[in-house]
Amino acid sequence: MFLVSEMSPHIEMREIYKTFPISHTIALKGANLCVERGTIHALLGENGAGKTTLMKILCGLERMDSGKIFLKAKQVSIRNHRDALKYGIAMVHQNLNLIEDFTALENIILQKMPPKYLLFFDSTKAKQMINNVMEQNGIFVDLQKKAADLPVAERQKVEILRVLYLGAEILIFDEPTSYLNELESEQFFKVMKKLKESGKTIIFITHNAQDALAVSDKITILRNGVTVYSSKGSRPSLSELTLMMAGETEIVRKQFTGYGSKKVLQVENLVFKSERQIVGPISFEIKEGEILGLIGFNSSGAVELTEAIAGMRKTLNGKITFHGKDITEKDMAERRKLGVGYIPQKKTQVGLSTKLPVAENLIINKYKELSCLGWLKYKEIGEWSNKLIEEFEIKVFSPWQPVETLSGGNMQRVVIAREVRSMPRLLIACDPTSGLDLRSVNFVHKKFLKLCEEGSSILMYSSDLDEILKICDRILIMSKGKLVAQYEKDPSLTKNKLIEAILSNESRAELA
Amino acid sequence: MRVEQNWLRVFLFTTIVAFVCGSVIIVFTSKNPSLAMRWFYLGPLSNGYFFGNMLSGSIPLIFTGLAAVIAFCAGTFNLGLEGQLYFGTLWGTFVAINLTDTSTLLAMLIAFSVGALIGALCGLLKIVLKVDELLSSFLISLALIHITDYFLNNPLRDPLAGLSATKYVKESIMFSKILPPSNLHSGIFIAVTAVFLTYLLMNFTTFGYQIKVTGSNYEFARYGGIKVYRVWLSALFLSGGMAGLGGMIDVLGVHGRMIRGFSFGYGFNGIAVALIARNNPIFVIPAALLFSYLEMGTQISSIMADITPEISKILQATIFYLITAERLVQFIVRKKEKIHGS
Ligand SMILES: Nc1ncnc2c1ncn2[C@@H]1O[C@H](COP(=O)(O)OP(=O)(O)OP(=O)(O)O)[C@@H](O)[C@H]1O
Ligand SMILES: [Mg+2]
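First to last, the sequence lines map onto chains W and D. Each number in this note's numbering corresponds to the 1-based position in the first sequence with 615 added. Each number in this note's numbering corresponds to the 1-based position in the second sequence with 12 added.
None of these hints come from the bench; they were simulated from the model. There may be inaccurate statements among the hints.
Claimed, not checked - Okay, derived cross-link-like pairs now, SDA-like style, lysine to any residue, Cα gap no bigger than 20 angstroms in a straight line:
hint, chain 1, residue 1, chain 2, residue 2
1, W, K992, D, N215
2, W, K952, D, S115
3, W, K970, D, F216
4, W, K952, D, E231
5, W, K970, D, Y230
6, W, K983, D, T218
7, D, K182, D, S115
8, W, K952, D, L213
9, W, K952, W, L931
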């Protein structure tokens, strides 16, 4: 008896169909998934394959049209989020959504507060309960800090603790590593293993076959809404997996072409405040046609530096010169006019307005050109949007469909399409490809290289070191608010060298 | 297209619930429920007089509804419509009475400007001092209502009038009546024009685009280079102006003078109207009509039967709560949709 229940799958989803009526997209056409108890299961697929949708159905966030879900061999119906929680199923979303003003503790207990005298909330008891959860699973965060002050990796832990606190036994992670850097990903994989050791079942959505192979026990691949592969005995190779996801593996690599000598951007002694620290003084420059890579931990201030240069963050001191013009005091609008494009790290919170249609999101940096005496020219807006949608292969039903109905990767393409297509003279890109599948990553890299050939420059922060090595001409390393090292591109430069360079400047204790 | 269909369903649902609630209240409070109910439901449509009054009652609601829509779309909450309407109208009336060379247009312009400036003041407080406009507009509005009452009681009071009111404005600048003896006046064309213009503004202009983007995600607006502060300020300016205009048109069309308490909560009902209309300027018209219809229904049945005017207040409160529970309504409508497999 014991043996049987051990062998039988923990969750089984059979022949799941799902159509979205608004966009008339068939997201799932008979998807199957079988997950065993106490394992880490990777759900692989390209952008728009239906991974998120399938998992949302399991969590009761979407309703399926038809299909069956079995839990421990018993058929169950999951009608809403609460049903799913009752069965111990919970999801950590693609876009972490914590309430910025609340502390970690408040964010964790938000959904279920331990009551005191039926009315007040018992914070000592809450702390105790969460401490227990932290002990049991070996995941720790500073409960008193506000969410806004936590780096992404910590925010993710808060989110994990939140679902554990709610009693989750089956944890679903939607592209958890897309917003983490190399080392944080390693840390996260450790967290996942710890969870597995304490008996949790984990489903892990990704488009990265490498990650899937590295940490998972079993793999399922979705393509266009159908399950095309589910692992049995032998483990497939990396190339087999990528082939099954239908990704071409052509590698784009920037050839050193010898960029111009003209300075596009010059930053001198820039100082500004981030949530955690004072960053700077920082000085560097970018030449015409150059791709400058910027790496560092979340605490390094690298992301904030890109925000300051883009104009989203106030500077305290120093000077930013763009094509010979002092833009330190100029706001975002003026910088855009001068030819600065920006792909922010938080794509859905800052880079998009998800309630508005795709078209209206595509024209934010161009709507004035697409209007006449203050009147929007809808026909041209539609044409322009269709052009971008086609060129960047954004999967939509119509340009007037709200962005929130797109898959995560397609939302990101909207941001990239808009910023690249505005032909900026300087493109500031923050994790531009973090949610994209291999094929789209290559596509974006090609677009970036083409921009450079046409004389634009790119400042790129990325948490993916492979990406940095692939297309950057020069690499800056930041740590604790300072620039600490610079590497010219040369073939002998390896990922390990970069990791070492980051680590030697960061106290190792901070990582543990 | 879909949105419209869905909106219609929610609107019908709201209407039906309002009527059911109304009936229940009437059954419990009236000695002759069938008579009361007949006047309540059919009264506003039974003759030209009541019908005209219902239409004219909806005019200020259309303006305050639009005012709320504009503010909401930009992501600002103007809870001070009542005060803006009141204070704007006071000065509009003041000019209309005291300037020898006045015109309808001038009075409306003054009322608009005064209301708009108060709205903009709340915007400034939000931008400069980071005071939430929800609070500032509400509190300023409360104060302004009392200040207006003071003016109506003392300096501007017509000594011959039996109640706190100003002198009458000149007959020549009043709107002409359309359906005498009812109150319906030509101001209704201005209201419809305002709806149409707001619709164009919100949907077809770059300014409307800026408002929409700012209201739906101001981080994104800032990122895209939209001057968020300017959008907030102008939205609150327009919003306050609309409110002031609504009151002035009511005075110039119906009362002929400014009377203390002439606004039966136009400001707050305007917010409810905007909520029912789901921030769509076109839908403001049916939503305002619904409110005015209920108001008229209770007024008529209190004359013709034994219903007290308080019933109207209870009904409006019920609708207000219902809309606040809009999610519930939406949920029920969606659920039905699913069952019918549309
Ligand atoms: N709410 C929605 N309304 C309409 N269509 C939707 C909605 N959500 C998803 N879709 C569509 O369903 C398809 C599958 O989306 P899904 O989010 O499951 O993809 P995914 O595999 O998670 O991709 P990604 O890696 O890009 O996140 C997409 O074509 C998407 O446009
Ligand atoms: Mg997804």
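Status of the hints after comparison with the structure:
{"no.": "1", "hint": "K992(W) x N215(D)", "verdict": "holds (11 angstroms)"}
{"no.": "2", "hint": "K952(W) x S115(D)", "verdict": "violated (45 angstroms)"}
{"no.": "3", "hint": "K970(W) x F216(D)", "verdict": "holds (18 angstroms)"}
{"no.": "4", "hint": "K952(W) x E231(D)", "verdict": "holds (18 angstroms)"}
{"no.": "5", "hint": "K970(W) x Y230(D)", "verdict": "holds (12 angstroms)"}
{"no.": "6", "hint": "K983(W) x T218(D)", "verdict": "holds (7 angstroms)"}
{"no.": "7", "hint": "K182(D) x S115(D)", "verdict": "holds (9 angstroms)"}
{"no.": "8", "hint": "K952(W) x L213(D)", "verdict": "violated (25 angstroms)"}
{"no.": "9", "hint": "K952(W) x L931(W)", "verdict": "violated (23 angstroms)"}
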